[in-house]
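Trainee: Throw the hints in and build the complete structure from the sequences for me.
One-letter residues, chain by chain:
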Amino acid sequence: MNMTKVLVIGSINDTGLIGLAQKVGNPEIHYLVLGTGDTSQLGKYGVTKAYLLTAQVDETSFAETLIGVINSNNYSVVIAPASKFFKTAIPISAQKLLAPVIVDVLDLKQSDSAFEVTYNGVGNRAQVTVKVSDKVFLIAPPARFKPSEKATTVSTESLQPKVVTGVKVVSTEEKPKGKVRIEDAELIVSVGRGFKKQEDLKLAFELAEVLGAEVGCSRPIAADLKWLSEDHWVGLSGHKVRPKLYMAIGISGQPQHLAGMMEAKTVVVINSDPNAPFFKNCDYGVVEDLYKFVPALTKKLREILKK
Amino acid sequence: MEVLALVKLALDTGQLRMNESKVDIDATPLKISDIDRSAVEEAVRIKEKVGGRARVIAVLKYGPLPKRQQEAESLLREALAMGADEAYLIVDNALVNSDQLLTAKAIAATVKKLGNYDLIIAGEATIDGYTSQVGSRVAAELGIPVISFVRELRVEGNKVTAKRDLEDAIQTVEAQLPALVTVTREINVPRIPPLLQIRAAMKKPINKLSLADLGISMKSLAEIVNIAPIQVKRKGVIIKDGTVDEKVDKLTQALIQEGLITPR
Numbered sequence: 001m002n003m004t005k006v007l008v009i010g011s012i013n014d015t016g017l018i019g020l021a022q023k024v025g026n027p028e029i030h031y032l033v034l035g036t037g038d039t040s041q042l043g044k045y046g047v048t049k050a051y052l053l054t055a056q057v058d059e060t061s062f063a064e065t066l067i068g069v070i071n072s073n074n075y076s077v078v079i080a081p082a083s084k085f086f087k088t089a090i091p092i093s094a095q096k097l098l099a100p101v102i103v104d105v106l107d108l109k110q111s112d113s114a115f116e117v118t119y120n121g122v123g124n125r126a127q128v129t130v131k132v133s134d135k136v137f138l139i140a141p142p143a144r145f146k147p148s149e150k151a152t153t154v155s156t157e158s159l160q161p162k163v164v165t166g167v168k169v170v171s172t173e174e175k176p177k178g179k180v181r182i183e184d185a186e187l188i189v190s191v192g193r194g195f196k197k198q199e200d201l202k203l204a205f206e207l208a209e210v211l212g213a214e215v216g217c218s219r220p221i222a223a224d225l226k227w228l229s230e231d232h233w234v235g236l237s238g239h240k241v242r243p244k245l246y247m248a249i250g251i252s253g254q255p256q257h258l259a260g261m262m263e264a265k266t267v268v269v270i271n272s273d274p275n276a277p278f279f280k281n282c283d284y285g286v287v288e289d290l291y292k293f294v295p296a297l298t299k300k301l302r303e304i305l306k307k
Numbered sequence: 001m002e003v004l005a006l007v008k009l010a011l012d013t014g015q016l017r018m019n020e021s022k023v024d025i026d027a028t029p030l031k032i033s034d035i036d037r038s039a040v041e042e043a044v045r046i047k048e049k050v051g052g053r054a055r056v057i058a059v060l061k062y063g064p065l066p067k068r069q070q071e072a073e074s075l076l077r078e079a080l081a082m083g084a085d086e087a088y089l090i091v092d093n094a095l096v097n098s099d100q101l102l103t104a105k106a107i108a109a110t111v112k113k114l115g116n117y118d119l120i121i122a123g124e125a126t127i128d129g130y131t132s133q134v135g136s137r138v139a140a141e142l143g144i145p146v147i148s149f150v151r152e153l154r155v156e157g158n159k160v161t162a163k164r165d166l167e168d169a170i171q172t173v174e175a176q177l178p179a180l181v182t183v184t185r186e187i188n189v190p191r192i193p194p195l196l197q198i199r200a201a202m203k204k205p206i207n208k209l210s211l212a213d214l215g216i217s218m219k220s221l222a223e224i225v226n227i228a229p230i231q232v233k234r235k236g237v238i239i240k241d242g243t244v245d246e247k248v249d250k251l252t253q254a255l256i257q258e259g260l261i262t263p264r
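Residue numbers (full-length UniProt numbering), protein chains in the order written: chain A, 1 to 307; chain B, 1 to 264.
Please note: incorrect hints may appear among the correct ones.
Here are the simulated DSS-like pairs of lysine-lysine, each with C-alpha atoms no more than 30 Å apart in a straight line [stated by the list, open to error]:
id, chain 1, residue 1, chain 2, residue 2
1, A, K280, B, K235
2, A, K226, B, K49
3, A, K84, A, K49
4, B, K219, A, K131
Over the 10 Å line for every Cβ pair with chain A, so calculated as not near, a few chain B residues [what the hints assert, rightly or not]:
id, residue
5, L16
6, P29
7, E48
8, G52
9, P66
10, V91
11, D92
12, A109
13, L114
14, D118
15, E152
16, L153
17, E156
18, I206
19, K208
20, L209
Just so you know, the hints here were simulated from the structure itself, not pulled from any lab data. Everything numeric in this text was worked out from a predicted model, so none of it was measured. Just so you know, even glycine gets a beta-carbon here, dropped at the ideal spot from N, CA and C.
Mentor: Structure below.
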C-alpha cells in the first residue's frame, strides 16, 4: 500500500491525535505545532516532519496558513483537536479545499484510497460511520487516542502565517480557571436550575464531600448564571463524563445534558417535578424537594460511611 | 439592515425513534434546532432596533422528502411567527444526509441569490449534528469574516462588535459588515409568539429552492454507511412514596446494593 500523508495539528502536548493518525493504513505523519516546543520529541511516535507556527493568529489566518501547508504537501488526512478555535478554523479550510470535516471521531479504517470514519452523531445517541475519499479533515479530543512508539528523526520547518484581516480582536478577558477534571471523575453530584440561589449549592458540595465525588452542573449553571466555572459543565457543549455514579439534583434532563452523561454506569435523579424528563433516563429517581432531601441524604451517608 | 438567520430543521433528539439495532431517522420528528431559535431571535431584535428585514434560510437534510416538506414548512412558520419576514427552504434529494460542504454551498448560493445582505446569524452548533461547521463554511464560501461562539452582539453603522465565549477567555472582537456570526444560547431568550403573530405568519412567504435553481450540481463527498444506536438501559426505579427519611433509606439501600457505597 502506498504511503498516505497525514497532518496532525496541535500544541506540543496534544500528541494523542498521532494515535488516530496511526490508524491510517501506511501513514507518513507530519505535525503542525502551534506555539513553541521541542519538536524532536515528536520523533518518538513516528513523526518525520514538524511545522512550527509560533505566531499567534486568529482562526481565519490560521485557516489560510493551513491551506498553504496542505497544498504544498498534498495531505490526504488532516487531524485537529476538538476546541472552539479549530471548530472555527478547520471548516474554513475544508470549504475552500472542497473536503468534508468529521467531528467527534472515534475510529478510522482505510481501504485503498477511501476511509471509513466512525464518529459520535445524532446528538451523541449513535455511532455513525461514513465513507469518504481523499481528502478529509478529522476533529477529535486528543485524550481519546494513545500513539504507539516508533522512533524516527524529525525535520523541522518554521511557518510564516498568512495573516488575513477581517476580524479585529479588541480585548481578551481570561476566565477564572478551576481545577476540576470532571471527565475523569468516578462519582459526580451534578446540580441544575432546581437550586434557587448560588449559596444553596453548598448542599450539593457537602453531599459530594461525604461521597468523595466531584460536582458537575447543567448548562445554565455554568454558561448563564456562572455559579460554577465551565470545567464543571456536563453536556454536549460542556464535558462528556463516564462516572460510576451520576447523581443529578434539580436537573430537568434536556437531551443535550443527557448526551453528556450517557455513559454513566448508575444514574440517580432527584427532582421535585415527577414529570422531569430525566426520570425516564435514570436507574433510581427520587421525587422530592431537594432542599429537604439532600441534607437528609448527606446526614444518612455520613452515618453509614462514618465520616 | 438586511439580516439573515440560518435555521436547521434538526432531528428532535429528545424524541429519537430507536431500538437496540436501529435509529429510525425517517420516523423521528424534526424541530428548529434550539440554538437556532436564538439566532432567529437575535435577527428579529436587530431588525426591530435598526429597521430593515430579517429572513431565514433552511436546508432540508432529512427524508423522506414528501413527508418532510410539510413538516419543514410548519416549523418555518414558527420562525416567521417570531418576527422573520420571509423564509427560504432549500429542498433537494441530493441534500438528504449530505455533508456540510454541500449544505454550505447551497446556503451561500441562496444568500447570493437574495442579493444584498449585511449580517448572517447562525447557531453555534445544531442539536443533532453538533459539528459547529456550517457557519464557518458559509462565511468561507461567501468570503466574509466569521465570528463564532458569540454571546453578546452589537451592530452599529456598518460594524459589528461581539463578545466571543471561548474555552479559557471571553474575547471582544469587531468586524465590518457583511459578516457572519454564530451565537450561543446565552445571547438571548427566544420569544414565544402570541396567537396574533402565529396567524399573521400564515400569510408570510416560504420560498422553495432546489439545487438546480441555485446552479449547484455537486454531490456529497461523505456517504453514510452505518448508524449504530448507543442504547443505554436504565433500571427506572422511581422512589416517590413515604417521608423524606424513608426515601433516603430506600436510595441509600440501593446505592449499597449497587456497590457504590460501602458501610463502615
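Trainee: Each hint: holds or not?
Mentor: Going down the list of hints, with the structure as the test:
1. Under the criterion of a C-alpha separation no larger than 30 Å, the hint pairing A/K280 with B/K235 is consistent with the structure, at around 10 Å.
2. As the CA atoms of A/K226 and B/K49 are separated by approximately 28 Å, the hinted pair is consistent with the 30 Å bound.
3. This hinted pair checks out: A/K84 and A/K49 have alpha carbons roughly 26 Å apart, not beyond 30 Å.
4. Only pairs whose Cα atoms come within 30 Å are accepted, and B/K219 paired with A/K131 is accepted, the gap being roughly 14 Å.
5. Not every C-beta of chain A lies more than 10 Å from that of B/L16, the closest at about 6 Å, which undercuts listing it as non-interface.
6. The non-interface label for B/P29 is consistent with chain A: the shortest C-beta to C-beta separation is roughly 13 Å, beyond 10 Å.
7. No Cβ of chain A comes within 10 Å of the Cβ of B/E48; the nearest lies about 23 Å off, and the non-interface call holds.
8. Distance to chain A confirms B/G52 as a non-interface residue, since its nearest Cβ pair spans about 23 Å, more than 10 Å.
9. No beta-carbon of chain A is positioned within 10 Å of the beta-carbon of B/P66; the least distance is around 22 Å.
10. Distance check for B/V91 against chain A: the nearest CB is about 21 Å away, which clears 10 Å, and the non-interface claim stands.
11. Distance to chain A confirms B/D92 as a non-interface residue, since its nearest Cβ pair spans about 18 Å, more than 10 Å.
12. At roughly 13 Å, the least C-beta separation between B/A109 and chain A is larger than 10 Å, which holds for a residue marked as non-interface.
13. Here B/L114 stays apart from chain A, with its beta-carbon at least about 20 Å from theirs, past the 10 Å limit.
14. Distance to chain A confirms B/D118 as a non-interface residue, since its nearest Cβ pair spans about 15 Å, more than 10 Å.
15. Listed as outside the interface, B/E152 is consistent with that label: its C-beta sits roughly 12 Å from the nearest C-beta of chain A, beyond the 10 Å cut-off.
16. With a closest Cβ-Cβ approach of about 14 Å to chain A, B/L153 is found to remain outside the 10 Å limit, as its non-interface label requires.
17. With a closest Cβ-Cβ approach of about 13 Å to chain A, B/E156 is found to remain outside the 10 Å limit, as its non-interface label requires.
18. Every CB of chain A lies more than 10 Å from the CB of B/I206, the least distance being 26 Å, so the non-interface label holds.
19. Distance check for B/K208 against chain A: the nearest CB is about 25 Å away, which clears 10 Å, and the non-interface claim stands.
20. The claim that B/L209 lies off the interface holds: its Cβ sits roughly 20 Å from the closest Cβ of chain A, which is beyond the 10 Å cut-off.
Hint compliance for this structure: hint 5 is the single one not met.
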